[in-house]
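J.: Given next are the chains, with one letter for each unit.
Number of protein chains: 6
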Amino acid sequence: MAAKRKRVAAFGEVMMRLQAPGYELLTQANTLHYSFSGTGVNVASALSRFGHEAYLVTRLPDNPLGDAAEAFLRKLGILTSCIERGGAYLGMYFLENGFGARPSRVTYSNRQASSFNTAPDGTYEVDQIAEQIDLIHFCGISLAMNDGVRAQMKALARAVKAKGGTVVFDCNYRPAHWGEGGYALAKPHYEEMLELADIAMMNERDAMLILGMPTAHEGREEQLADLLPQVARQYGINVLAGTHRTVNGDNTHTLRGFHYKHEAFVFSEPRTFSVYDRIGAGDAYASGIVHGELAGFSPEQTVSFAVASAVLAHTISGDTPMSSERDVLRAMTEAAGDVER
Amino acid sequence: MAAKRKRVAAFGEVMMRLQAPGYELLTQANTLHYSFSGTGVNVASALSRFGHEAYLVTRLPDNPLGDAAEAFLRKLGILTSCIERGGAYLGMYFLENGFGARPSRVTYSNRQASSFNTAPDGTYEVDQIAEQIDLIHFCGISLAMNDGVRAQMKALARAVKAKGGTVVFDCNYRPAHWGEGGYALAKPHYEEMLELADIAMMNERDAMLILGMPTAHEGREEQLADLLPQVARQYGINVLAGTHRTVNGDNTHTLRGFHYKHEAFVFSEPRTFSVYDRIGAGDAYASGIVHGELAGFSPEQTVSFAVASAVLAHTISGDTPMSSERDVLRAMTEAAGDVER
Amino acid sequence: MAAKRKRVAAFGEVMMRLQAPGYELLTQANTLHYSFSGTGVNVASALSRFGHEAYLVTRLPDNPLGDAAEAFLRKLGILTSCIERGGAYLGMYFLENGFGARPSRVTYSNRQASSFNTAPDGTYEVDQIAEQIDLIHFCGISLAMNDGVRAQMKALARAVKAKGGTVVFDCNYRPAHWGEGGYALAKPHYEEMLELADIAMMNERDAMLILGMPTAHEGREEQLADLLPQVARQYGINVLAGTHRTVNGDNTHTLRGFHYKHEAFVFSEPRTFSVYDRIGAGDAYASGIVHGELAGFSPEQTVSFAVASAVLAHTISGDTPMSSERDVLRAMTEAAGDVER
Amino acid sequence: MAAKRKRVAAFGEVMMRLQAPGYELLTQANTLHYSFSGTGVNVASALSRFGHEAYLVTRLPDNPLGDAAEAFLRKLGILTSCIERGGAYLGMYFLENGFGARPSRVTYSNRQASSFNTAPDGTYEVDQIAEQIDLIHFCGISLAMNDGVRAQMKALARAVKAKGGTVVFDCNYRPAHWGEGGYALAKPHYEEMLELADIAMMNERDAMLILGMPTAHEGREEQLADLLPQVARQYGINVLAGTHRTVNGDNTHTLRGFHYKHEAFVFSEPRTFSVYDRIGAGDAYASGIVHGELAGFSPEQTVSFAVASAVLAHTISGDTPMSSERDVLRAMTEAAGDVER
Amino acid sequence: MAAKRKRVAAFGEVMMRLQAPGYELLTQANTLHYSFSGTGVNVASALSRFGHEAYLVTRLPDNPLGDAAEAFLRKLGILTSCIERGGAYLGMYFLENGFGARPSRVTYSNRQASSFNTAPDGTYEVDQIAEQIDLIHFCGISLAMNDGVRAQMKALARAVKAKGGTVVFDCNYRPAHWGEGGYALAKPHYEEMLELADIAMMNERDAMLILGMPTAHEGREEQLADLLPQVARQYGINVLAGTHRTVNGDNTHTLRGFHYKHEAFVFSEPRTFSVYDRIGAGDAYASGIVHGELAGFSPEQTVSFAVASAVLAHTISGDTPMSSERDVLRAMTEAAGDVER
Amino acid sequence: MAAKRKRVAAFGEVMMRLQAPGYELLTQANTLHYSFSGTGVNVASALSRFGHEAYLVTRLPDNPLGDAAEAFLRKLGILTSCIERGGAYLGMYFLENGFGARPSRVTYSNRQASSFNTAPDGTYEVDQIAEQIDLIHFCGISLAMNDGVRAQMKALARAVKAKGGTVVFDCNYRPAHWGEGGYALAKPHYEEMLELADIAMMNERDAMLILGMPTAHEGREEQLADLLPQVARQYGINVLAGTHRTVNGDNTHTLRGFHYKHEAFVFSEPRTFSVYDRIGAGDAYASGIVHGELAGFSPEQTVSFAVASAVLAHTISGDTPMSSERDVLRAMTEAAGDVER
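Chains as they are written, first to last, in UniProt numbering: chain S, 1 to 341; chain L, 1 to 341; chain E, 1 to 341; chain U, 1 to 341; chain C, 1 to 341; chain Z, 1 to 341.
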């Protein structure tokens, strides 16, 4: 089931994650563990581990924090030749781990001032990137940033599409980033990206809330069955995929993946599993879908691979998926196992 | 539902908690994490987070350990102007975290020699404290210490009552502290405190074992329904409250709160939840009851707030509750949630 | 139920365990926690905590790593007078903790070059050891090492038997160590050890796979009931014991112990429990069986003690059992408990 | 020599200090130690330890980082009733410790966006603060921030002066904050603050570079002797003080303090000492001068106390001085001592 | 130069040392590193590393702290068969590391309540210990504790002397333990111990202050030359030894050892060296003297070995010397060396 | 002074460095800090930071340790396309940091079994590597390993030379690796490498001991002046360079660099500096020489750059130089500086 090695890119901001130890609050602890992540980082790392050449397209400050971020990305196996250096700041977020009834808490630094979010016009070598890659991944978080980022994102998507590359767009709507009245603000930009996308990650809520599509149905799956075919048709999207997640009371989640292509839905079995680190698991799912498509998996294989990729990502420290294709393939078939020795 | 800010105090010993890392034993580890706690600390911290001015009445040694303790209390938001400095030692306990079938283990240092437990007559500014506060909290652990502490405790309770303040007493009977034949030794002191109390934390076992009250019933709830009204009547107590806890096999506990006032019982729904740090959760419950009374919540709101406060305290590192009123209000209505970002 | 203090020994390699922190991978972390373990270490430590004088028979390098290992064994309460120093290397393994669907992963250093595995003929004072002890424990992992180790092992077993001591053999077959076609290679050596053993740890799979014994039954318990009596008869073994383990999906395992002696089987109740550190729990079970036999427990007591010993070992950091006889006796009767204070 | 307890305030930004462990670089480490500091924090903490009531006047974000900062300030003994909450961000800096020939390296986050630097007009209760305090401290770093901060600073200084309080101004010119042509930009603001100041921390370089005062002398001490009396006269300043620091090659520094008052200079003996944490030591010196003046020390005592305070601050982890008046008095007379036990 | 292996014992309290990390104060840190030490522990550990069988005579509580202490002693190589278990508490001290001008600071827990200091009459198997050992070490810290400890100490010294063993006494006067007027209180007890001692560690200050011996000389060495021969004669002591220490300003100390025997003094060269952990270095010196005497070194060798042992002890983490005889022999001749690889 | 970016390679083993924390011994600690280094790693990392494309030619095991090593190398900025994966083991060494009189101690694992040292014939793509690079670096440690490694090394050197590339050879003789009679064994291999070398790192001791060259001189510099010109002539070497190091008593070293080219010697000023981490500093010097030659620096600049590079390497955690060209250029001219902020 080994895929041909492709050249893929992801566009997005690198965030410094600063995490309080164990289950301590920021008012209790005095140390933080740091790493560097972001949707683009997570997707590029996952695709690199699935056997592809994975580039990140981003901008980092030319200071010791930028150096540390770039070194960390290289460690993850991400190719850094499309990373620009300039500007002064790195986006950051502080994470306090929740436990049971107490949710995890994220506090952002001033992200708008980051090197990525202040990148001037012409920062990225759009044509050269479009030339060298087979597929590029974008996400709704970048779309929420500001006009500059949106323009760069769309230009890049258009250039890749023009060169025959595949455009992936993950809707990933974050209410906090768009603010009040955000759906209306977001809609035209989402529509533009969906027009450009070959593969999109979304679910029925995105269709209803962002795109404003009406449905007479009440159940999530009925809404999904009603709306996604309309989205695919309207925006000319080849593959639509996503998950339904249930947060259970006992530190476990349940995940069910879906995949819509060629007018047919495929659903994975629901999987219930213990959660160690939830952030970034959606990116692991998206990466699994992308890999399935690049590797020519059947829809059933693709969705099952993507769910296993997401399940494993919940068991890994940090935002960024670390599992190889072999790890994911094994997790598709095996339940919890004894020590490997 | 915001309460009017009151001035409250708690009387009790500050203990240094020295905790082995993770699930290691003292014979395995070589580092300890330390913090400063105690029932009074926990209650004052919780009430401070619920919006009140919270004083601790205690005595700390005038040495670097006392300095560290006082700094820690300030960090918790506790007002330290009623803390006396003198004596030579701080009470300590070593904690080895249990896991599943292996219970947590607590080893005390020589607590009787502590600054608190050797405080001479006249240590505390009883009248001034009574003048400045609306409510004071005492607990059965202090009552178990020695005659000196008992005398200070009763004098303070009497003075507060005389000034029209509210006296809260948490029975909190610890068999290890009273030793053999402890119930008989404890009874007169408990009776004295209950006479002074407006609000008392206790359950049917306290009534039976400490107060020696007979009951013909066998179930916990029947015993409770039989005995608490008698206690309230006999000692003239306005509010009696407490919990029934079940320790389940899978690192979860189930808690059901009760509240008796104006001859009526209210019970919370039983809540089952994962436990991260069990110590101090009883104090979070008591603080929730006190806050409900201070804020004029209905009995239903009060008991539900107190249970949510206790549930959150089980998810917090260390003995001391760290949740704000807003955190507790949300936890009353929400189940486990996804990351807040 | 206190046992008479016996002099026992265990033969086996000391491994340095180097463990990544929390749930990090080796590519993520930059620190390791180290300890020293091995089946012999685990059994000697457990028997020492059950009240016996416990010696380890092994060989350690004469360098700072060997010094650290020997100091660690002394800390565990193991007597080190039968430990030889020489050779140049210590066996090591790196442990990355699994979580849920992601299994723990063990990576070995070059174990064949270790001081233990390169110990020349005549390294150990076989006669003197045989003279001074009442019982000796061997395990199938040592048997898998090389001809030198196998010869030392058999010589020691023979000498102890000749002096009237008890020989314990734990089959503990590790496919990775024997390689392909391993069962055929292993069989004659296992048979030789079983001939010498008074007590053997094994289950139906060992009988079928290593000894090649056929059975018409399909269920594990039927196979066990069919095969173990044959093994006992054929090799003249007094006690056969082992466990059936089920790995559940939610970080819990279920364990059921069995014990066959005097032509009678005894089974423990199945126990389900949360797992913190799985490695070494089998040695805790074996140690419990050995202690039951040394102490003259009834078969029911023995198997229940052994299962409780194993359950506790899953809750302890590191490979090596740390529970005293008193701890195990309590865990036989109690479910999960509240804090001990 | 105990001073009468005064009410003092310091105005300034709270920065989160995030420090790489040991001598690691940000590209090497994965944890950071954090604390909260800033010139105002350092001065308020030192003065609190010297026995005064010390307030900080600042603005913190109303989020978990702001909570953590405020708790940390309380722990330091700083009174927080003049701290406003609002805005969204906390200033941060990352510190990589230098060693020998490799200098320490500081990387800032986007400080201009901090709650302090974006505080709107009318944020602080200027009149109330002026009413309640005896002395207020300002520093040139705040002056470098932006027009808003400068306006608040001057308004506060004027109000305190109007109420008869003492105004302290530490020149503390940071070239990086003012940028190119900074001296010219800074001059009018420095002049305005010096006009308001009763006590100023400065040296001959400040006079030459910021105030543009010419001198014919070449040696530092000659320049000082020439210029400071002019400054005192011109701006009507009562006390001028500062240090001459030499960075030696072997991780030691040499410090000589000076103090000019009533037309007379006093110099301390030069002190050479090992440096553990250099940041914040200047604030310890300034605090020593302020305390000497508040306590009515002789100029000789004041400068010697201030130097000892600075020397101790170099031996303390973190930016913020932690030594009590007693500690400093002892360090004035004693050389390095053996363990205190 | 290898010594014949002797059986030696040391009598003294085991203290738990709880050390703040790096150069942090207790008010700054939240973790502590712990170990177990004490003069007896240090001497027994050092003599064990010099090749002797080393027993500690002490009493530890029968709780998890006592277990941890005993395991730690075994790890150090100390034989624990003369350790009694009983009583409830372990002595503790908290250590904040000084740096340069800031001295290290020690805060004790309530030591008088410790298992050692409350050991009842008849706790130790005095006759059996006296029978089995060649030499026993006592120290002035134990002598300062209370009448019970003093009686046990003297009884043990008498019994060993009666059996022909060697008695070593280290004066080690600690003003804080004897309190005001301490020299007068201490004198009779010191005299009693010196009467029993064959080898004593002391210097001219001990002779003057404790024994009240007058001298007309002013220089340390002249006083020494005057007084020690008198002490040796008066109390019939075979060997008197000690050091003169100078604490230099730059984190270095200078040490000069002396040794008086058969009416002749020997002095070592003064050695200046960087200090990492000063506590316990005096015990390393005493152990070196004892080893020199046991091994039949010449006085020159003995004092040089003892000084090298002390110098190395200053470079070791924790109180307890960890250097082997080979390490010390090398440090006698070599200056600072490059990496050993 | 910016150099043209060249393509360089280094050949050598990757070692896992496992370091005890602070100044603890392996018998005291329970954690280790790990990183991956080796002469080739150090040189490639340094040259990458000086602006070159730097490849490492080595072989790593195909297991989680090999993955961690490769990720670490990427993080250092080393290009990994010439790294082969295969074999089973990684070389390791354990480091206990010395302090003052106590030297650092290195304990190796079984290095001969490593993937690098067991790489079969034909492992490396010799021709392709020779084609793609401008310069390759070898070192005497690899030469000490075994015949296989020696053959690969020489083949690679010959291929690079044949393609016109520059061959650098660092003599780096380690007595422990060659064993007794090592100089005689080593000589022919050293001669072969020197014949191939364009640039060699060596000093007078290498010439005397390895090459057996006689000299009538006694001083180090006279020997150097006598022997190096002979070596250059005899083996046809363009540049010879090295250092004279003095280990001082106070944790400082003194280093003087020399450089011989075109029949002329250049010496740097001797530099004395505090040492934080000594390992790898020789590789930093060699890298500085190589960079000077690649960049066309004058001999004076080259040797001064190399010494500054070495001095900085002593101030960096871990074996591997982390300083950029800019950092080194600054350290050439500046003494110890104050904080950069």
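These aren't lab readings, by the way, just hints derived from the structure by calculation. Backbone N, C-alpha and C fix where the C-beta goes; we use that ideal spot for every residue, glycine too. Hints may contain errors.
Computed from the model, here is a short list of chain L residues facing chain E with C-beta under 8 angstroms [said to hold, decoys possible]:
| # | residue |
| --- | --- |
| 1 | L25 |
| 2 | Q28 |
| 3 | E84 |
| 4 | N117 |
| 5 | A119 |
| 6 | R205 |
Negatives, chain Z to chain E, calculated, CB over 12 angstroms [as the list claims (entries may be wrong)]:
| # | residue |
| --- | --- |
| 7 | E84 |
| 8 | R256 |
| 9 | E325 |
J.: Hints first: check each against the structure and report whether it holds.
T.: Results for each hint:
1. The closest approach between the C-beta of L25 (chain L) and any C-beta of chain E is roughly 6 angstroms, which is under the 8 angstroms cut-off, so the hint is satisfied.
2. Taking 8 angstroms as the C-beta contact cut-off toward chain E, the hint placing Q28 (chain L) at the interface holds, the least distance being around 6 angstroms.
3. Given the 8 angstroms rule on beta carbons, the hint for E84 (chain L) is violated: about 27 angstroms separates it from the nearest Cβ of chain E.
4. Because the beta carbon of N117 (chain L) sits about 17 angstroms from the nearest beta carbon in chain E, more than 8 angstroms, this interface hint is broken.
5. For A119 (chain L), the interface hint is violated, the least distance from its beta-carbon to any beta-carbon of chain E being 23 angstroms, above 8 angstroms.
6. Taking 8 angstroms as the C-beta cut-off, the interface hint given for R205 (chain L) is violated, the closest approach to chain E being about 14 angstroms.
7. Separation of E84 (chain Z) from chain E is adequate, the least Cβ-Cβ distance of about 19 angstroms exceeding the 12 angstroms criterion.
8. No Cβ of chain E comes within 12 angstroms of the Cβ of R256 (chain Z); the nearest lies about 33 angstroms off, and the non-interface call holds.
9. Taking the minimum C-beta to C-beta distance to chain E, about 26 angstroms, the non-interface status of E325 (chain Z) holds against the 12 angstroms cut.
In this structure, the hints that do not hold are numbers 3, 4, 5 and 6, in rising order.
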